[in-house]
Structure formats: structure tokens, C-alpha cells
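J.: Protein chains in written order, with full-length UniProt numbering: chain A, 1 to 341; chain B, 1 to 161; chain C, 1 to 272; chain D, 1 to 557.
Just so you know, not all the hints are guaranteed correct.
DSSO-like, lysine-lysine: derived pairs with alpha carbons at most 30 Å apart [stated by the list, open to error]:
1) 129(A) x 23(D)
2) 36(A) x 137(D)
3) 118(B) x 177(C)
4) 3(B) x 137(D)
5) 91(B) x 177(C)
6) 153(B) x 23(D)
7) 135(A) x 245(D)
8) 15(B) x 3(B)
9) 4(B) x 137(D)
Only part of the chain B face toward chain A is listed, based on derived beta-carbon distances under 8 Å [claimed, not checked]:
10) 46
11) 97
12) 101
13) 128
Pair by pair, the computed Cβ-Cβ distance ranges are [said to hold, decoys possible]:
14) 44(D) x 150(C): 34 to 42 Å
15) 139(A) x 120(B): 49 to 57 Å
16) 144(C) x 206(A): 39 to 47 Å
17) 207(A) x 478(D): 39 to 47 Å
18) 206(A) x 39(D): 26 to 34 Å
19) 39(D) x 23(C): 35 to 43 Å
Treat the hints as calculated values from the structure; they're not laboratory data. Keep in mind it's a predicted model, so treat the numbers as computed, not measured. Every residue gets a Cβ at the ideal spot worked out from N, C-alpha and C, and that includes glycine.
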Amino acid sequence: MTIHRGRGFASINYPIGMNLGGDPSQALVHSNPGGKFMVALSSIDLGQGMKSVTRQIAAETLGVPVEDVYVDTADSDTGPHCMGSFASRGTHRVGNAVIQAAQEARAVMLEAAAEELEVDPADLVTDGKGNIHVKGAPSKSITTAEACGAAQFKQGRTVSGRGIFLIPLSEVDPETGEMTPVSCFAHAALIVDIDVDDETGEIDVVEMNSAYELGRALNPRLVEQQLVGGAWMGLSHAAWETTEPYYPERSHGPLDFNTYLMPGPGDIASHHISILERPAPDGPYGGKGPGEMCANPVLPAMVNAVFNAVGVRIDELPITPEKILRGIRANGGAQPQGRRG
Amino acid sequence: MAKKPIQFHLNGSEKAIFVEEGQNLLDVIRRGVGDLTPKYGCGQGTCGTCTVLIDGKPHLSCLTLAETIEGRQVSTTGGLQRGAELHPLQKAFMEGFAAQCGYCTPGMLMAAKALLDKNPNPSRDEVVEAISGNICRCTGYEPIINAILEAAKAGGARRYG
Amino acid sequence: MPVRVETYDRTEDAARALSSSRSARFLGGGTLVMRAVNAGDQSFDTIVRLRDPSFSTIRSEGDGYTVGAGVTMAAVAQSRDLAFLAPVARVVGGPAIRNMATVGGNLFATGNYGDFTVALLALGATVNLAGSSGRGIPIDDFLRDRERHATSLVLSVTVPRPREAGAFRFLKVSRVKPKGVSVMSIATYLPQSGGRVQGARVAYGSMAPHPVRATGVERALDGQALDAAAIDRAAAAATQGLNPPTDAIASGWYRTEVAGVHLKRLLAGERR
Amino acid sequence: MTIEFRKEYFADERDDNLNEIGKPTQRQDALGHVTGRSPFFDDHLFDGLLHIRCVRSPHHHARIRRIDTSEAERMPGVVRIITGRDVPQNLNTLLSLLDFGIDDEPLLSEKKVSYKGEPVAAVVAESERAARDAVAKVRVDWEELPAVFDVEEAVKPGAPVVNDIYPGNLFIYHGKYDHQKLRFGDVEAGFRQADQVIEGRYQMSPIEQAPTETCGAIAAPETNDRYVVYTSTQALFFSLDTTSKLLKTPSNRLHFIGGTVGGGFGGKVDSLHEPLAVLGTMLTGRPCKYIFDREEEMQVGAPRGAERWYIRDGVMNDGRIVARKFIGYFDSGAYTRLSSYAIIKGVGHLPGPYTIPNVYADVYCVFTNRTPATAMRGFGITGVDFAIEAHMDKVAHAVNMDPIELRILNAYRDGDMKAHRRLAKNTALIECCQVAAEKAQWPISQKARQASSLREGGGERAKIPNFTAIDQNGLVTGFTAGNYARKAKRSEPAAPQSLPTQTPRHDSVPVAPRYEQPVRPQHQPAASAPPPPAPPAQTASDARRTRFSSISGLRRR
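So here's chain A without its partners, still in its complex pose (with noise of 0.2 Å):
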């Protein structure tokens, strides 16, 4: 038995959102009169993380802390339209709806507090943490709670607003493709070191390398959960995930978790993660959207470090111990590529 070390390297960048019909959402903003805001969306939350990124998105804008706003994701009474959480479109596209409705909020929000102060409201700040007031002038000020009530009780206003992101819609041309598919992109490039067994084709994933640039990083602990859990998916669509093991046949599909393989938590490898953040011209405070590209790198770095290892193509997905073990015996043997690095 030999174990062979290996290592592959693999770059994508991602299509941020797709020019889907324009990719349209839409968030509608307003204060109760105490000065807490809530955001309504109808995009959905799977896990990704929107209802927290878009609070702090629209707190950020509105200019108060996050805890004086909460989101209400998916109801279609009072939620306006969303596409839909997809294509890594959710933080772009409703980041930036989010981003005009809160605007539109916070400009009442100002008017109301420059009434009260009697002061332009061009003149006006906030602090982020729950007050408002004059630039230069930290003493003359209003909170933004006194801002909304005096809005509501004594002015008339309602402190609201809406907000759409939409695309022009991009005419494919059916001669040469010419399109504008996309807004903004994110990179990643990916080494990833395994150990391959060859007398039974078993793999081990060692460790991983990686370097994500999406943009920037809205809620660092939100990025993480997607690149982390993103690798690992990667790794399973890599290595183990297929629904026809014996495709284009039909025969031995799995039924459940126990025969859809992925890997099991003794499976992960370590993975060391550096994110680089080169906001988007035209995304919420320049944020892209990590969601999907997290996963698309390991996939042909697997591939690619079985090579390095054993000299094995595997150009079919996913890698199987049959498949490299077939690869090996198809060569004559383990044929080792030499180390990197």
C-alpha cells in the first residue's frame, strides 16, 4: 500500500445575481413612533443569513443602531416583490433595495428632526447610535426616537420608505451571445492537499487553502458560515454527492442520507481561509455575495490534486475510489506527479 500525497489548485470568479427579467426586488421601510424600524421584505431566508445582513444594511443606512430595527421576511401581504433567494442575487439585489427604501426613510427621519431643531436638515447627522444632529454641533441634537414620534404625532409624516433594485433588461443576442448577464463578480482561487490510497482508490482530504474575494465582507461571521459551509459542499459534490451513481443509466439511485453520500463531520480537513474584499461599484456598501462561489473552486482542485497524486485524470464527477482506482490500474500504476511546494 502506498499513500500518495497530492495537491491541485483551481481560480473561479461568480456571476453575481443573473439579468433575469430585470432581477427585481423591492423593500419597503418605516418607524413606529418610538423610532424603531422594521423592514419588510418578501425575500426569503434559507439560512443565508438575509434577514440579518439586510437589518444591519438598512441600519447602517438609516443611521441607528442595529437593534432599533428587525426584518419581516416573505410574507406576500406586506412584503413587496423579490425574486427570490438565488443565483447569490439576495444580499446584492435586496441589499440594495434595502439601501433606497432606508433612504427614503431616513430623509423623513432628518426633515422631522431639522423641523423640531429648527435647523436645514441638510445640516444634519446621525451618530450611528440613536441620535441626530447638527454637523459641527454634537450639543444640538434630537434622538431619533423624539425625531419619529414628533414625525408622527406632530408633524404628519410617516417616516417610510421604498426601495427596488432593478437591471435593465439585457437582450441576449442569438448570433454572438452578446449580453449584459451580471452586475459584479467575486474570486476565488483554492489549493486543497489529499491523500490518495492506491490499492483502493480511497481518498483523504488533508487540508485547504483558500483565498475568497466577495466584495465586502457585510457581517464577517456571516461570510464565514458560507465559505466554511460552502468548502465543505464543494468537497461533497467533489467527492461524494451524486443522486445516479451510474449516470446517464437510471439504476441505483440513492433514497436517503444514507446512500446520498456526503462527507461526514470525520471527514472535513482543515481549511484556512483569507477573504479579500474588493468592494462592488454597485453593490450595498460594496458587497458582493459569497453564497454560491464558495463550493466551485474544490470541485476541479479535487480533480486536480488526484493528478498531482496518482496521475490520475478524473474528468467525471463525482471522484469515486472506483474511478481512481480504475485510473491507476488504466496507467499501470500510481503515477506521482511531484510535490508543490
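Given chain A, put chains B, C and D in place with the hints provided.
T.: Chains B, C and D only, in chain A's frame:
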């Protein structure tokens, strides 16, 4: 369809309820009693989202014939808190961002509780073994394993639920 | 058909209920029967339960142990008497499954399941059925006619105590760690006398529709010292007479190719 | 596991001093998750809830001669059996909401089934068990038809017709072609100019999204003659509007509630459950739940479709890629769902994050007798990225070059023209390559370490090729175009000129949509060879000014 009366304890409080023949415990806890914390994930015993403790040991409620729990103690995530105070595992899962969609979380918490109740200072391998019957599709397991280890480090798990 | 549940306190009543209906299933830990109930399996409409405590006990008897059919994998793993079987019980399912899955149920597990039974087969256990007046059926025979025994109530299995520590070894090959179903499992019982293997029993799981003996391997080892040459001959004979199945986990080709490799590693004490 | 933020990269493009953005704020839903009280769709209890289970095809391809529900209807607990006749508008395609594609999929099939597991009837019963028992009693008289499973077999003349709307087993793009084209420069000229041509074939597997919560919906009568629907959908209005269309019910009579979903990964877009749950409620007046069990989720729920890619690269010995050609086949399964659009998205992504002067792609959306495919995390991209990056490794090997240095050499940079004819901006592939190499201690050359996405792009690399070889391969007639071909035609919505929907006759050649003989990609003579890509220039570009934008927190160039 014939129904049978059963009595058992759910999170320390006594329940008396009629169950249908062949009904599984998950269904009884959720629809019968109204504790919605254990989740349906497969009905096959392959995902662990319905994990509950029966007399302190983890069981899959979807594969447990409801009438077999007559007189026994059943614990769910619904009973983890002590009053308003979160269980150390719940705190650690929050602080460690160990939940994304949150669907596997109640099952994970019960699997972890079963471990810490008998082994307050588990090794990483023991944690991995303890959650090996629970599928998580979001997190890649790492944050969950770390959260359980953190909860163990914080101690006091046995004083809860 | 809605499902009916019949609960008995006496073994003979449960056995009678089971044998009198082709559409009755015996409920052990629930991992097989309740899964089928949940899936709406139309092949049975009656669940038979037994509440006899002796059904879940482990007794030391003569040169072996009688393990109640209702004993769970968790109970096996914790039993001091059955310490030699603990490594087998521990690789069945996750902790929750092990608190439920029973020795009796494992005898009927199909497909990639039933690893515990593989160990029992290698150890030469006997299966004790209700109403068979104390005479157990050799597990080989039981497995051969497993379907025929579906209407019989398995009371217990009797497992001979291994003659020496280390004579019994077990390996489960899985794609998922730490818990996954079998690519294959291998159990070997190789008692030695005078430095030579006497009475080799080697069994596989997931290499046939039910756990089977690897007779070619046994022949290659019997009467031999367990040295590298004998191990190589055993590995070469690993799949003699077998036609391993193709399923979602692995193809028959792959199982055939790697059975010898895993067998060799098990016998040589190599761990991967 | 370690995570680090490399704030030194692109620091001048960000303002890192914002109040809430960039903070590790706790998730709004964390407390709900750890207490088990986050309200998923199935966490809403209704008295008198009915359960829906579908009767599914055991065959991959079969005509339905007769569906006999009489015995099932007499089963205890059965309240209603629904068949296709009960569905007001029993033909749909998901993206019809965006005028993309032709209705091609029934909610409950009436005439034939095109994949194993396709639903042909639904039982509504008092308990799940009663529904399952009744499903087992529905008798369907099937006439099995030959099936096709391989994408390249399916597009051959004489292959079984999977989907009557598309008799060639291919989705029609822009009312005009049986595939989506990408043409940029002249790949054949590029191959002639190249030192080496490297080819590869890559096959992605179908993959199940496998969320721990299976797909489902509960519908119930609401006051004011409306229906409330609790749903696991990933796209609330997609599901609402699809339900509105299939049930011919005004959208304001539907009140959809969701937003807390136990994982989706793309598998909860298809809107199969909401229409049937609402229909059940309409027909019985009672709350109805329709949820996949795990077995259905695994094999009937739409997977990420398999993709097959052929890549042919023309490469110079110094590693520059001068031409890249793709032939791609998306296995859409029996119906379109979202595969048609995945291809548009994928084509816009080609040739990957590299600047290549000649790029060609023909990508086919192929119908086969398997479970329809749909979205999944990485929609339209994951499969082709696997192909591209596996191929890049082969190219590196062939030219004996370090794989990372090969990527950096060919990487797109700010200002480069992409194959879909838009300029690249905001790029960062090179920096990711450099950081990954550094972390893993994978040595790369000084030149590769010093490269930058910000420099040496644009200029010659910003130009659209003088000549692009175009062709009419795969031309079809009989279809009109929708939104996505306005450049070709601006008039009517997408539809075949006469819809063969009411009585698809499998045994005769469909009349209306007529295909030209499928033409496989051919070499196109080129007028002149385009120049090779400009190698990255050696001079640093101008210093760029930054402008600070307060609300976005960005420094803009």
C-alpha cells in the same frame, strides 16, 4: 382508526394523549402535544433532525412507535432552557454561529446534550461521534463541533433541562 | 391499510401472533419496521410487540453468551461480557440508532446494513427461535433462509466466546466518517492452535444479498501460520465464489477489486 | 480552521469605518434557531389538516391509457382524488412569468409521463398513512415507451421524443436556434495559430440539493375568500404567481407566508407544492399539506442537472491561451424548469475568468427521460467551472507550466473585454491566486507574485475582435421569440406557431415546430487570423484617483 391513550413526561411535564396505531413519536410530539422543536427530515432514521432524548438517551423520534414511550421521560429542545436562561449549548451555538438555516439545530442540540450529560469533557473525536447521526447541509459541521466543545468548556450543562 | 399494533407480555403469544399472519412484522428497535411504516409499506398491516424483559438481556452461558434479540447495539457496546463485539456495535449507525437498533433486527437487515450480523456469522453464532425447544439454528442456515424465518420470532442469539483475544477481528469500510453504510464489512475469526489457524471463519457484509462466508479465504488460511504468504493467498482468494452486488455505494467490480486489499490489511493488522 | 481578513488588499477602495457594516453582528434568527422556535412552514398547526400524496409513474417514459381511481376513492380517510382534469391551467413553464420559454410541464400529467416519479394523480386524505394507502390503490394503465437518458443520444435523429413541445429534445433559444451561441473572434483561426491544441471532455453529476427540511406547503382557507399558504419556497412570488397561473386565481386571493426555510440550495424554487396544496384546499374546503418525503426529495425533487462539456483550447508554448471552444450539453431532464436560463447565465460566464481573444460556445439544453433539473447553488456555473479548471490543469501540464502561474498569466484584469462583449471591472482573480499560493506555501515566480488585476489590462485587451465568425448552425423554424431575442424579433411572446399541447401524438411526427436537420458545430473558414492576445504590458498603469462616497462607503475610481 383505533386510538390508544398514553402518558409520558415531556420535558418534565406530564402529558396524557391519544395516539393513533402506528403513529411515530415525532408526530405525537409535534401535532399531538404541540412541541414543534423536533423536526421531520426523513422519516427513515438517516438525518437526525428528529432526535429526542428518551430517559436521557438519544433516540430518533420518527422511528419510535409512539405507544412505546408510555411512562418514560422524553426531552426535546423545547425543554433545554432553564426559564429564560439558555442552555450552555444554546449559548455556544449562538456565539459560534453554528446554525444557518436552523433546521438541524434542535436535533444537533439533543445529540450534543446526550453527550455532555454523560461526558462533560469530551474530546473532539467524541463530539464528532456524538453528532455522526445528524446531517447538517449548511455549516460543514466545523462550527457545530467547535460550539459543542465550547459549551463543554463553559461547563454546567448538567444543571439544565 | 391502517396499521394495527399488538402488544404481548409473553413470548409465546407474540410468536403465535407473528406466525399466524403473513402481514405481521415484529417490532424490535423500530429502525426497520417504523421506517417501513412511515413509508407506507403495503406488505404488512400488523406490528407485533413484546414486553418481556428477558428479551433484552445478555447472559453468560457455558462457553458463550446468549444475547436477547431485543438487546440494542448500545447495550452490546457497553457490555463487559461482549467487549469483543463492542467495536462492531459501535460502527452501526450513530448514537441514536445504536440506542434503538437491536441484535434481532440486525439479522434481518438488507442491502448495506447488517454489519453486526457479519460478526455473528464469523463467530459461528446460533439463532434461537421461539418454539424451537432450545435448539438454535446455525446462523449460516438462518441467513440462507432468512425470508422463510420472517414469520418466526427470534428470541436470542448465542455467541461462542472467542477462544483467544485477538482471534476475532472486524473491519467496516465506509465512504463516510465516522458513520456511514458499508462498502463492505469483514469479520474474521481465526483461532490458532500450535501457531496455525484452526477452524477459520471469515464473513463479509455487503458482498452478497445477505452476510456470507468467504469460504475461499477460510480454505486458504486453515492449517496455515498467519504469515505474509498465507495472508497473500487469502487475499487472492478473497472473492472466490462471490459475485458482489452493485448499489448506490459501490459497484460489484469495485467490491471485487478491493475486498482482498481490505482483508489483507485486516489480517496484517495494518490500519489506515 | 482559520479565517483571516486581508484588509491590505484594495484598502483604498473601501471605507472600513462604518457603524454596522462589517461588524460581526449576531444573526437576527439565531435565538429562534437554537431554541427550535424559528417558524418553518410545517410549524403551523391546523385543525382538520388533510394530507396530499401523489401517484407517481414507475416508468421513465410511458403513455397513460387510463387512470382508475375508483378503488382508491373508497379507501377509508380519502377525501378527494385530484387528476390533471382538475387543474384549471395544467401546463406551465416556470420562467413563463418572465416570458422565457414555452409552457411544457403539467402539474399532474394526463397523457404521458416522461420521467420516473412524474405525478399523475394526487390523493387528499385525512392522514398521511391513508393517503399513502390510497395511492397504492390507484390503478394506472401504462403503455411503456422507449426512453433516452444520454444527452448526446437524445439529440440524434430518431431519438424518442421526451417533451412534445420540443420535438427535437432541445430547448429553442430566441425562437431561432436549438442552442445558445457565444461567438467572439475566430476560434478556428486561433487553433491554427496555436502551438498546441488541448482537448477535454468533462461530465458533471446530477446533484440533489438535499436541504434537511424537505420541500412542502400547507394551504388553508382564509377569511375574505382567500387562501393562506405556508411554504418552504425560496422565491415567494415565483410560487405565488405560478399558483395564480395554474389555478387561474387572481394573485390577491393568495396570501403566501414563508421566509424561514430549512435550507434550499436551489431546490425550493420549482413551486410544485403550493399549487397542489391550494388546489386541494379549493376542492375540499379544508387545510391541505403537501410535502415531499425524503425519498421523493432525493429522486423526484429536481436536482442540479448534469452537464457535459467539451473544451478545446489553442495554446501558445508560453502558456497564453489564444482560442477556447466549448460544446456544452445541459441535461434538463423531462422538462425545462430553469435549465434554459442556466445556460444563458453559463454562456455569459464563458470562458471563465480569463482573457482569451477567440471564444466559441454552443450550449444545448437537452431533454431526457429523467427527473427535471432545476437550480442549485452555483446555478449555471459550478459545472462549467469544474470543466474549465480541470482543463486549465491539463493545459498547464501540456505546456509544462506551474498551474497557478498559468492562471495568473491568462487572468482577466480590469478593463479587459470579455467574450460577452462587456468590459471587465472590479476583478481580483490574480490576488486570490497569489494569496492562496502564499498560504499553502506553493512557490510561484516573482513575475506571478507581482502581477495585479489593476494593471496591464485594457488597451489592446479591451478591443472586440475585428472579425467574429458567425454561423446559422442549429437554425430551427416554427418558433417565435420571447424577451431574450428582442434583437432578433420584437413582436409576440414566445410560443410555437401552433401549440401541440392538447393532443400530443407521440406516434406521428409533430406537425408544427419543424427543425432543420440538426447541424453539429462545423469549422467556419476565417477571413484572417486575429492577433494573439496582447501580453501584459511591462509598464505600470497610471495612478488612479479615488473618490469617497459616504452612503455607499466606497471609494470610487
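J.: Quick one, are residue 153(B) and residue 23(D) close enough, alpha carbons at most 30 Å?
T.: holds, 26 Å
J.: Note whether the CB distance of residue 139(A) and residue 120(B) lies within 49 to 57 Å or breaks it.
T.: Between residue 139(A) and residue 120(B), where Cβ atoms are some 55 Å apart, the hint holds.
J.: Would you check whether residue 46(B) satisfies its interface hint, that is, whether its CB is within less than 8 Å of any CB in chain A?
T.: holds, 4 Å
J.: Under 8 Å is the threshold here; is the Cβ of residue 97(B) close enough to any Cβ of chain A for the hint to stand?
T.: holds, 5 Å
J.: Tell me if the beta carbons of residue 39(D) and residue 23(C) are separated by a distance inside 35 to 43 Å.
T.: holds, 40 Å
J.: Taking 30 Å as the top limit, are the C-alpha atoms of residue 15(B) and residue 3(B) close enough?
T.: Holds - the C-alpha atoms of residue 3(B) and residue 15(B) are around 16 Å apart, at most 30 Å.
J.: Should the hint that residue 144(C) and residue 206(A) are 39 to 47 Å apart at their CB atoms be regarded as holding?
T.: For residue 206(A) against residue 144(C), whose Cβ atoms are near 44 Å apart, the range 39 to 47 Å holds.
J.: Does residue 137(D) lie within 30 Å of residue 3(B) when you go C-alpha to C-alpha?
T.: holds, 24 Å
J.: Does residue 101(B) hold up as a contact with chain A if the rule is Cβ-Cβ below 8 Å?
T.: holds, 3 Å
J.: Can we keep the residue 128(B) interface hint, with Cβ of chain A closer than 8 Å?
T.: It holds, given that the least Cβ distance between residue 128(B) and chain A is near 5 Å, below 8 Å.
J.: Sort out whether residue 245(D) lies within 30 Å of residue 135(A), counting only the CA atoms.
T.: violated, 53 Å
J.: For the pair we were handed, residue 91(B) and residue 177(C), check the Cα-Cα distance against 30 Å.
T.: Holds: residue 91(B) and residue 177(C) sit about 27 Å apart, inside 30 Å.
In summary, the structure is inconsistent with hints 2, 7, 17 and 18 from the numbered list given earlier, while agreeing with the others.
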